[in-house]
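So the chains spell out like this:
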Amino acid sequence: MAKATVVIPPSAPKPNRFSGLGQKILVPILAVFTALVIGGLIILISGGNPLEAYRGLIEGAFGTTKAISETFIWATPYIFAGLAVAIAFKGGLFNIGAEGQLALGALAAAWLGYGLPRMLDTTIPAIIHVPLVVIGGALAGGLWGAIPGWLKARTGAHEVINTIMMNYIALGLVSFLLNGPMKDPSPTNVIARTPSIAETAHIGTIFANPALRVHWGTLLALIVAFLIWWLLWKTTVGFEIRTVGTSSGAARYAGINVGRTIVLTMFLSGGLAGLAGAVEVAGLNYRHELSFALGYGFDAIAIALLGRTHPFGVVLASILFGAMRSGATRMQFLTQIPVDIISVVQALILLFVAADEIIRYVYRIRAPKEEVIMTRGWGG
Amino acid sequence: MTTQALPLAQPQTSFWSRLGNARRYIMIATVIGILLLITVLIGRVENTVADIVASFIATTITFATPLTLGALSGLYCERSGVVNIAIEGMMLGSCFFGFIAAGYFKGLGLPDQTALWLGVLIAMFSGLLFAALHAVLSIRFKVNQIISGTVINILAVGLTGYLNRQLFFQQGAHQLQSAGTLSRMPIPLLSDLPLIGGVFNQPPITYLALILVIVTQFVIFKTVWGLRTRAVGEHPRAADTVGINVYKMRYANVLIGGAIAGLAGAFFTLQSVGAFEPGMTAGRGFIALAALIFGNWSPVGAFAAALLFASAQAFQINLQFYSALVPPELDFLKKSQIVGMLPYVLTMVALTGIVGRTTAPAEDGIPYEKGE
Amino acid sequence: MADQISALEIKDITKQFPGVLANDKVSLNLKKGEIHALLGENGAGKTTLMNMVYGLYHPDHGQIFVNGQEAHIKEPTDAINLGIGMVHQHFMLIPVFTVAENIVLGNETIKGLQLDRRAASQRIRELSQQFGLEIDPNAMTGELPVGVQQRVEIIKALYRHCNVLILDEPTAVLTPQEADDLFRIMRELTQRGVSIIFISHKLKEVLAIADRITVLRGGRVVGETTPQTSDEHSLAAMMVGREVLLTVEKEKAQPKEVVLHVEGLRVKDKREHEAVAGVMLEVRAGEVLGIAGVQGNGQTELVEALTGLTHSFGGKMILAGQDVTNATPRRLVDAGIAHVPEDRHQFGMIKSYPIADNMILNTYHQEPYARRRTMNNKAIEEHAKRLVAQYDVRTPSVYTKGEALSGGNQQKMVVAREFSRPIKLLIAAQPTRGLDVGSIEFIHKRIIEQRDAGAAVLLVSAELDEVMSVSDRIAVMYRGKIIATVEAKTATREQLGLLMAGITPEQVAQK
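Residue numbers (the working numbering), protein chains in the order written: chain E, 4 to 383; chain U, 2 to 373; chain G, -19 to 491.
Simulated from the structure, these hints should not be mistaken for laboratory data. Check the hints yourself; a few may be wrong.
[Claimed, not checked] With a cut-off of at most 25 angstroms between alpha-carbon atoms, the simulated DSS-like pairs for lysine-lysine come out as follows:
(1) LYS143(U) - LYS186(E)
(2) LYS27(E) - LYS335(U)
(3) LYS182(G) - LYS5(G)
(4) LYS250(G) - LYS461(G)
(5) LYS(-9)(G) - LYS5(G)
(6) LYS371(U) - LYS5(G)
(7) LYS469(G) - LYS236(G)
(8) LYS331(G) - LYS237(E)
(9) LYS143(U) - LYS331(G)
(10) LYS381(G) - LYS27(E)
(11) LYS237(E) - LYS358(G)
(12) LYS404(G) - LYS425(G)
(13) LYS143(U) - LYS371(U)
(14) LYS54(G) - LYS143(U)
(15) LYS54(G) - LYS249(U)
(16) LYS331(G) - LYS381(G)
(17) LYS425(G) - LYS365(G)
(18) LYS404(G) - LYS236(G)
(19) LYS365(G) - LYS237(E)
(20) LYS223(U) - LYS91(G)
(21) LYS331(G) - LYS27(E)
(22) LYS371(U) - LYS54(G)
(23) LYS336(U) - LYS186(E)
(24) LYS381(G) - LYS358(G)
(25) LYS143(U) - LYS249(U)
(26) LYS12(G) - LYS54(G)
(27) LYS237(E) - LYS381(G)
(28) LYS11(G) - LYS54(G)
Pulled out of the complex, with its shape left as it was, chain E reads as follows:
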């Protein structure tokens, strides 16, 4: 094979740490646009009016202060879960297990919220209780995520398979507990859910207006996104994670403990997913219910990729996905278009972000592509 030598012409602009930002944003935007167009066609074919549907969607997402608040409520767990998948990607790992880690985080948070005060038979002051619930949820998710990380580091077992398996184990576990030992015993309850958490474990809302449910967890999500960015690019830990993610050979050469870094990355990833669950419990639902966490894990993959695995990109992608979810209800109410169309559009977004060659071809974009490095196949 001939080795191609890329000769950089002297006139080429000198790259710096921030070069090519516009290029990085262009493809995701076009991917979203294209997915919306195809989603519109599906609505049209199945007998709906896409323009009205999308108008309802936008109205429902941004039309009123309340709508915007709801959008951010949806976006909050997406930010955490999207960061979870993104940081794993940076570490060369594919975490399909955000779903399970999130469920475990929510479960732990719920128990710390209702069970711990009962067990201690005391009221825990909010200043302690809230952090306890949030951190406890993160730890539970982190440990759940660290298991496949440890298995990979130890035996080479592929994290994709193991995180899929652990999603279902988590689902089984949570379903068992919510139907059994942790089930809300109140006589009116027939569904799989925990009792309400103590008021001292509630994350407060930002605004006094009771219609605006957006809570401080949203701000926490933004802060965490910033912290993850700082961790990845400004610290030696981040350097280690990224190096292991790019080349395990070079990482060993650089003196990095590859196995430990893999476990740490999966712990952080699971911890972020756990935070998503914990914040949902403490900030919004005040309990864990079996049906809450369904589907976040896969959406998180789409969000991480749409956000180019960059923490700030993840925030933007989460707001977009949150807007679609929160607007969908309004859309269904106004136009009778089922909310499920949003899943179709989200799948299409993921498709076009992943297969950006299609987008490049359709819109004749010539600029070079930015590869997200990730595990492929089962080879390990």
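Given the structure of chain E, go ahead and fit chains U and G onto it with the hints provided.
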């Protein structure tokens, strides 16, 4: 010439490790045996042992059907080098379209069983279409195959959920009638046998699954097609240099896999239930993937794993039958969630190497780039 | 006369890759029954040319004639049908297939619906007897030694009735004995009417086996000659384009205290074979110890063990008085080891990282680049700018990605990083492999500078010339052991060549 079977393994000395892959089958047989034994011990108070065993086997085979088909679907894809985590999505999508088609043909006035068989064909065809998307994304556009699979999984949930509501609720006018389910086909003579006769009185998709296991085992290991498929999954460049069209082989195998996943989908709406519910495959596609991996990418191995996983389900269902007889300390075994975890836990155990090396095709999941 | 028709004729082939003219009007004429060597440096375009003959690439211009007929080769199948076979440098064999399965793949015979394994084995045994290529059709390919795998590749070509056989650098992975065996097989083949193109960059081999030699340089044919009318000097000059005297200007070494002491070191390779079988060596400050040997005699594993990339399972390694046996790479770097790795893409650099980050790849945790786990971008940037200037790395910016650099500049980047900190021991493995002559000279000069500054240098190279010109002492590695150490000044090629083949002076004396 040495005859050591495991070139890369550490020098192994203990009896257990020398068994190699046989360990897998021993483990499978042991677990099924234990589950069966517990069932018999609990149920025998009010039932004959023969009845219990026959019922256990019959439910196991029923539950194993979609798992076996799903695993075979993945097998064709992955042996040719395309990772398939979209078995679930392909199954869900095709079980919906197969159901719609059967209802549509019934609406045209066709007899129920004919409509159902046409529904099966449409289900297989829609599985093939989902697979075609996966193939184009992973082979032509070289998209990461795990992502491509995720796309199909999300798409299938969204599309079936959307169309289901749009067709049945929003536009209630077009209510489709269910054509029921495929009827059982007793095998002459065998089905009349005492005790185990029930095992030979299954609906058609179950027979097809069993036949496909044997056919696939033969195709993959004995035929030219299988040799080339494996070559393309192990070392595509080597296959290319001897004139095998890598892309064609991969496309063909992924499409075959899609059609088989479609058959697995048909099991749900056309053989088992006779109606569609959103998300009705309920993770069976992922158990099928687990069976494929547990079975080490071999058809017979995957079938054995499917039987194991299905027996766990059968075990729990059978305990429900004998609910009153279950001692209180074993009550947790009646919970579907606890027993339902077994396939996933066992697969994770298998991946650690305790029951022999689990080795995927070498180039599974890696897009092939021709020289230029 | 039929003999005047060429088995294969290549006329004015041109092939352009992005940024590189890989072949520029290359012509070559392979007569029936001859061994025709295609000689050239790394990157001269030899493999590209042959991949076009085999249908893996397509020429932009030019023609190919097989037996006097113009051939349009679009696919490997076309080449196979025309009787062309190729043994690639990296074998095209499937490790988990049997020998027979590998050989018949793509040309299977069937019986009913099944593969006819019996007929295949029968045919393979016949071929194997006919050409003296001993092989077991039922053996698992991945378990065979490389020499035997190569035989499988050759039978694979013969199974398809090839008349023209292309061998791409076939001796690179062979021991001298295996290489001799291969040469015997090649002669056997030509006697049975097979014509052979032998790609190599090793002058001696070419002179020993070829009937005619075509020399390629920078994608162009620079001449055609025969072993009778040329010698190593003239061939080397043609290959490189100028008189090459791979001597390095240096003062006499001033060896001081022992820096590296290795005793009885034993290392396993990836296949769990003992690749390093009790190595004993010492390197002093201020000297270069070169390790010569045919590739695959344990050099790679030795270097990996000495740099902490792999574990040894026996023996000791002492660095400046400290026992550092099986220490981590981190500890070894902190203790003053610099390592220019054999495979820079696997270990030495990260292609997608900017130069600035590559320049601190193994020192990122040290001050001033990081303080309390926080990276100091300013210090990193300044460090990179300084090194880029000092080591003449040609790049528009220190934020250019590593992959955008040419091979020579990438290696300079690695060298710059490793040589720029205070070091006690420098381990350089194949430091100039695949580089152009200019970069080679640059790197040799820097190695000598390190020596003169007081570092101990361990140089491992498969190129005997490099070892001879840079080293002060030469240790010869054979089958995992150092079988002799000689003074570089007095060593001769012949003496080293014998040692590399495992023949010690005592054995010579006995004869």
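Against the structure, the hints:
1. LYS143(U) - LYS186(E): This hinted pair is violated, its Cα atoms lying about 46 angstroms apart.
2. LYS27(E) - LYS335(U): Not satisfied, since the Cα-Cα distance of roughly 53 angstroms exceeds 25 angstroms.
3. LYS182(G) - LYS5(G): With a Cα-Cα distance of about 24 angstroms, the restraint between LYS182(G) and LYS5(G) holds, given a limit of 25 angstroms.
4. LYS250(G) - LYS461(G): Holds, because 18 angstroms separates the two Cα atoms, which is no more than 25 angstroms.
5. LYS(-9)(G) - LYS5(G): holds, 7 angstroms
6. LYS371(U) - LYS5(G): Measuring from Cα to Cα gives roughly 24 angstroms; hence the hint holds.
7. LYS469(G) - LYS236(G): The hint holds at about 18 angstroms.
8. LYS331(G) - LYS237(E): Holds - the C-alpha atoms of LYS237(E) and LYS331(G) are around 20 angstroms apart, at most 25 angstroms.
9. LYS143(U) - LYS331(G): holds, 21 angstroms
10. LYS381(G) - LYS27(E): Distance of about 16 angstroms is within 25 angstroms: holds.
11. LYS237(E) - LYS358(G): holds, 12 angstroms
12. LYS404(G) - LYS425(G): holds, 18 angstroms
13. LYS143(U) - LYS371(U): holds, 12 angstroms
14. LYS54(G) - LYS143(U): Judged against 25 angstroms, a Cα distance of about 23 angstroms means the pair holds.
15. LYS54(G) - LYS249(U): Status holds; Cα separation ~16 angstroms.
16. LYS331(G) - LYS381(G): holds, 6 angstroms
17. LYS425(G) - LYS365(G): Given that 25 angstroms is the threshold and the Cα spacing comes to 21 angstroms, the pair holds.
18. LYS404(G) - LYS236(G): Satisfied, since the Cα-Cα distance of roughly 12 angstroms is no more than 25 angstroms.
19. LYS365(G) - LYS237(E): holds, 20 angstroms
20. LYS223(U) - LYS91(G): Given pair LYS223(U), LYS91(G) holds - Cα atoms ~11 angstroms apart, limit 25 angstroms.
21. LYS331(G) - LYS27(E): The hint holds at about 19 angstroms.
22. LYS371(U) - LYS54(G): holds, 13 angstroms
23. LYS336(U) - LYS186(E): It holds: about 14 angstroms lies between the C-alpha atoms, which stays within 25 angstroms.
24. LYS381(G) - LYS358(G): holds, 18 angstroms
25. LYS143(U) - LYS249(U): Within the cut-off at roughly 14 angstroms; holds.
26. LYS12(G) - LYS54(G): holds, 23 angstroms
27. LYS237(E) - LYS381(G): Holds - the C-alpha atoms of LYS381(G) and LYS237(E) are around 19 angstroms apart, at most 25 angstroms.
28. LYS11(G) - LYS54(G): holds, 23 angstroms
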